[in-house]
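Residue numbers (mature numbering (1 follows the signal peptide of the UniProt record, and there is no 0)): -23 to -1, 1 to 378.
There are no misleading hints in this set.
EDC-like cross-link-like pairs, simulated, lysine to aspartate or glutamate; straight-line CA separation at most 16 Å:
1. K319 with D241
2. K143 with D287
3. K143 with D254
4. K100 with D194
5. K140 with E337
6. K155 with D194
7. K99 with D30
8. K10 with E101
9. K16 with D46
10. K99 with E8
11. K75 with D266
12. K140 with D330
13. K318 with D241
Taking CB as the label site, the calculated pair distances span:
14. H297 with T355: 25 to 33 Å
15. L176 with L49: 16 to 24 Å
16. T40 with E64: 27 to 35 Å
17. F61 with T355: 24 to 32 Å
18. Y317 with L49: 38 to 46 Å
These are calculated hints, taken from the structure and not from any lab test. Here the structure is a predicted model, which is why all the values come from computation and not from measurement. Glycine included, every Cβ here is placed at the ideal spot set by N, Cα and C.
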Amino acid sequence: MGMASFAVALMVTMAIISHCVFGKEFYDHPEFKVRRLLKQLNKPALRSIKSEDGDIIDCVSITSQPAFDHPLLKNHTIQMRPSFIPESDSTYSKKKSKTITQVWHKNGDWCPENTIPIRRIKKEDILRAKSIENFGKKTPPSTPEVPSSDPIFHHEYAYTGVKGGKIFGTKASINIWKPEVAPNEFSLAQTWLVSGVGLSRNTIEAGWQVYPQIYGDNNPRLFVYWTTDGYQKTGCYNLCNGSFIQTNNQYTVGGSYSTVSQYDGAQLNLNLLIWKDQKTGNWWLKINDNDIMGYWPGSLFNILGDGATDVQWGGEVYVHSSEGHTTTDMGSGRFADEGYKKASYIKNLMVVDGSNNLREPEGLYSSADDDNCYNVKTGISGTTFGSHFYYGGPGQNVKCQ
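Make a model of the complete structure from these sequences and hints.
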């Protein structure tokens, strides 16, 4: 090989090496990762609606939603309606409730048929996460039965539950408030359907949450969640990793509520019904009285496919404080003992049995990590509230340090 040929070959080799090295650095750069995630999460919109709370709601084709990015759902056929909806004979369960609206509804806009409203994820939403990989995930991993061992960064709970047998769904009416939340923390009220333990734990979760790190504000918002490995690698809030298939074109998962409960005033409730469609194995979510939101595909779950062994309803606070207990509110920020129009409640607790009927749960128990910070008080059934309880608290106070 002549010197000229050798020089050309050397230059080509160096160019290839340089391209590989700097190309890898480019694709590993945080800015590129953020752009790639935004492209993955934000699907092409047929129309967009600007909400007064700062959200942009994109009307996305129902067949283009993020769920179909999930490897297990590549060839999934959308189930547009459940094959049945569980019913109950109880009078209070059939009582119609006031339909609550989300802020983006104020403009009078709705998404067209065959589209779903998705809250657009912004660059700053991702940058607020602890890492790009953790965007939309619950950290650190924790459950009501297995709290975090970290004394500084941990979750605290006040809840009521029922164990034993096979449970195929739950219904509840969750009081909506706007708790004060400290930086880097969250406060939520929800229902958990649980099966399995440790790293095999499966959950389906839904309720409302105030989570500034995800949404950038302190508004209470509708949310859904799931995991199949005890919150390790699976699971994400709302639609962020293709776990929940939405079929509703009127409500946004992650959308904020326009009105909340007032101390000594009007009370607003989020009615939730979650149940397993025994024909398809999918787990459906209905809100309000008649608004079917969509479903968690049964193919995502291993243990939960046979039914839940535990159901819990209650409040959760993520504590991120190194200087004493957090001041983040749970529920209304008032202790359970204060009662109606003051403390937060969850009422009309019901479970779906093996015959697909809604019934009141038997053998309810209650638990709170520290009664001096947040507590829970179970009510008496037989009233218009059915099986119910009050819960919550202000966090740090003279007895909670």
